[in-house]
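Visitor: Given chain F's structure and the hints, the job is docking chain D onto it.
In order, the protein sequences belong to chains F and D.
Quick note on numbering: the numbering used here labels position 144 of the first sequence as 144, and the sequence is numbered without any gaps.
Quick note on numbering: the numbering used here labels position 210 of the second sequence as 210, and the sequence is numbered without any gaps.
To be clear, the hints were calculated from the coordinates, so they are not data collected in a lab.
In silico lysine-lysine, DSSO-like type, Cα no more than 30 Å apart, as pairs:
no.	chain 1	residue 1	chain 2	residue 2
1	D	Lys-309	F	Lys-281
2	F	Lys-309	D	Lys-63
3	F	Lys-261	F	Lys-238
4	F	Lys-321	D	Lys-63
5	D	Lys-274	F	Lys-316
6	F	Lys-281	D	Lys-197
7	F	Lys-289	D	Lys-289
2 protein chains.
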Amino acid sequence: MAVRPNISIKKREVLSAQEIFKNLIVGKREWLSKALTLVESTRSEHRKTAKELVQLATPFSGKSIRIGITGVPGVGKSTFIESFGLEAILKGKKVCVLAIDPSSEISKGSLLGDKTRMDQLSTHSDAYIRPSPTSGTLGGVTRATRESILLCESAGYDLILIETVGVGQSETKVHSMVDAFLMLLLSNAGDEIQGIKRGIMEMADILVVNKADGENQRNAKIAAHQLQQALHYFPLGKSGWAPSVSTMSALNNEGVSGLWKKCTEYIDHIKSNKFFEQNRKLQAVNWFKQSLSEQIIQRIEQDEEYKKKLSEIEEKVAIGKLDPFIAADLITDFYFR
Amino acid sequence: MAVRPNISIKKREVLSAQEIFKNLIVGKREWLSKALTLVESTRSEHRKTAKELVQLATPFSGKSIRIGITGVPGVGKSTFIESFGLEAILKGKKVCVLAIDPSSEISKGSLLGDKTRMDQLSTHSDAYIRPSPTSGTLGGVTRATRESILLCESAGYDLILIETVGVGQSETKVHSMVDAFLMLLLSNAGDEIQGIKRGIMEMADILVVNKADGENQRNAKIAAHQLQQALHYFPLGKSGWAPSVSTMSALNNEGVSGLWKKCTEYIDHIKSNKFFEQNRKLQAVNWFKQSLSEQIIQRIEQDEEYKKKLSEIEEKVAIGKLDPFIAADLITDFYFR
Chain F
1 MAVRPNISIK KREVLSAQEI FKNLIVGKRE WLSKALTLVE STRSEHRKTA KELVQLATPF
61 SGKSIRIGIT GVPGVGKSTF IESFGLEAIL KGKKVCVLAI DPSSEISKGS LLGDKTRMDQ
121 LSTHSDAYIR PSPTSGTLGG VTRATRESIL LCESAGYDLI LIETVGVGQS ETKVHSMVDA
181 FLMLLLSNAG DEIQGIKRGI MEMADILVVN KADGENQRNA KIAAHQLQQA LHYFPLGKSG
241 WAPSVSTMSA LNNEGVSGLW KKCTEYIDHI KSNKFFEQNR KLQAVNWFKQ SLSEQIIQRI
301 EQDEEYKKKL SEIEEKVAIG KLDPFIAADL ITDFYFR
Chain D
1 MAVRPNISIK KREVLSAQEI FKNLIVGKRE WLSKALTLVE STRSEHRKTA KELVQLATPF
61 SGKSIRIGIT GVPGVGKSTF IESFGLEAIL KGKKVCVLAI DPSSEISKGS LLGDKTRMDQ
121 LSTHSDAYIR PSPTSGTLGG VTRATRESIL LCESAGYDLI LIETVGVGQS ETKVHSMVDA
181 FLMLLLSNAG DEIQGIKRGI MEMADILVVN KADGENQRNA KIAAHQLQQA LHYFPLGKSG
241 WAPSVSTMSA LNNEGVSGLW KKCTEYIDHI KSNKFFEQNR KLQAVNWFKQ SLSEQIIQRI
301 EQDEEYKKKL SEIEEKVAIG KLDPFIAADL ITDFYFR
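Just chain F, with the same shape it has in the complex (with noise of 0.2 Å):
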């Protein structure tokens, strides 16, 4: 089966949320694409219709575990997918994989777009493959991501990754619509770790040192055993786990009955401390105090002529020459005037 059905949304094609709905809640693919096209689209009346087909949806959401996987270009990460995703296949769940990627347009290097390095999983009647959206802004390919998310859980899916590239601001974004956050890293020839990202690591709910084979298997278990033992100082999170650092070869399929053992275990450990419920509602009063606060200012930046003294404003303010509070407050007046 193919990954990405070659279905688009027709010129003249007038799809009514409703019809999309009945055919994605029963678990057809097709229409599931045509549904996560639609709200990849920034076209006004394709949003209208994906607004609804969210709403239609939403009653039905939530009932899977999502998880976060970053690392840098390198790590491996397509090939983990694809061992992860069919060893949770094994244990009996429904695999989508979703990706943000804002920088895909430029970088081309998203490994999702990679597909020969998931062959196996990504032709799986149990498996979903969702390319990222190739273009927008994050805030345009975030919203995109989480609608997605909704639609693959009333699809059916019950078991939702979420892949980032690490450009920017897109791991916190990941991390904020994720119930685990796991991070793919690698160890060098003088065992090292390659690849944390500063303010990254401290997100990470299990941290998998990847490419633990061949020569590189010791090295990567030592240096797995340091990360570990540099974990220490720092003090659980607000979910009381503590994180852990496993190994694992993507490439030979080791070590990664193990790993979705210790993703089940967080899962558990959150769920029975009620961390996981909590984190979800606090997730979404976040993303809609956040999204509201961006729409607003957006908003009000229309005015041509606010958006005119806005940047006036921000030139002094940036050269020491006006203080940001007074600054606010001049704007402020300006737009109430």
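Guide: Okay, now just chain D, sitting in the frame of chain F:
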């Protein structure tokens, strides 16, 4: 000389911003106190004068080094500031100590309140210590602190130490207004580090294991060494500086001149690679944007009908009945109806 002369703005006293400013700029301490009381006030007529004053002072500000100091209660912050501040004075600095403690009304735990631990510094003619305003929201208190920095700088202080008691978001706020962020830690008997807070350590440029005295000296040195090793797992931030870990006994005044040297090295480093300048610019623009967005949202929320609608919708988002983005659309449309 008294730390905080018993000068308040008398009820009928009408002080103009110009009058305060001309006394402030020539370094009259009692007028600095008057000025700081003004920026801490929430009364609207005081705010008006405060804003004028800040506008007058802004061009004369910015020439100091701003250092944030954090650490959990019990880490010895007051004793540290006494020792570090006196060392800075020895090196020719005029030192001003400010604090952010939005919780002080409740906890009464602000170390800056405890002058007895800073008796030399608090009476030194080259030092000025200002306790945290004892009430207000974090937003209000941080604005007052940032404005206080400008006023102290225009009054001739060229080293500003800003203490945070480490409650809630106060570290992040302090971090966003300083050039260097210094974190105090402790070692316990088992040579483990105490006082690390999740998400805070990676903001630190300089880490100090305090209370390295008596029997604790050896443990402190081991702990500092181990922490330095653990820091290798974190890539450098934008400043390109590798954070260093020192030990110190503020009580016995040991290690303070080495620490002062380390701070100087850091500042030299970021001045020579231009990070100092870029960071200040970025901080100013960020404060501006954040304050603007907060003010606009606040002003909008004065609309009672809007506020009612908002809380209704937010509840639906929290219980998963409404998608956060669609909820934000609804509220935005409602406001601009």
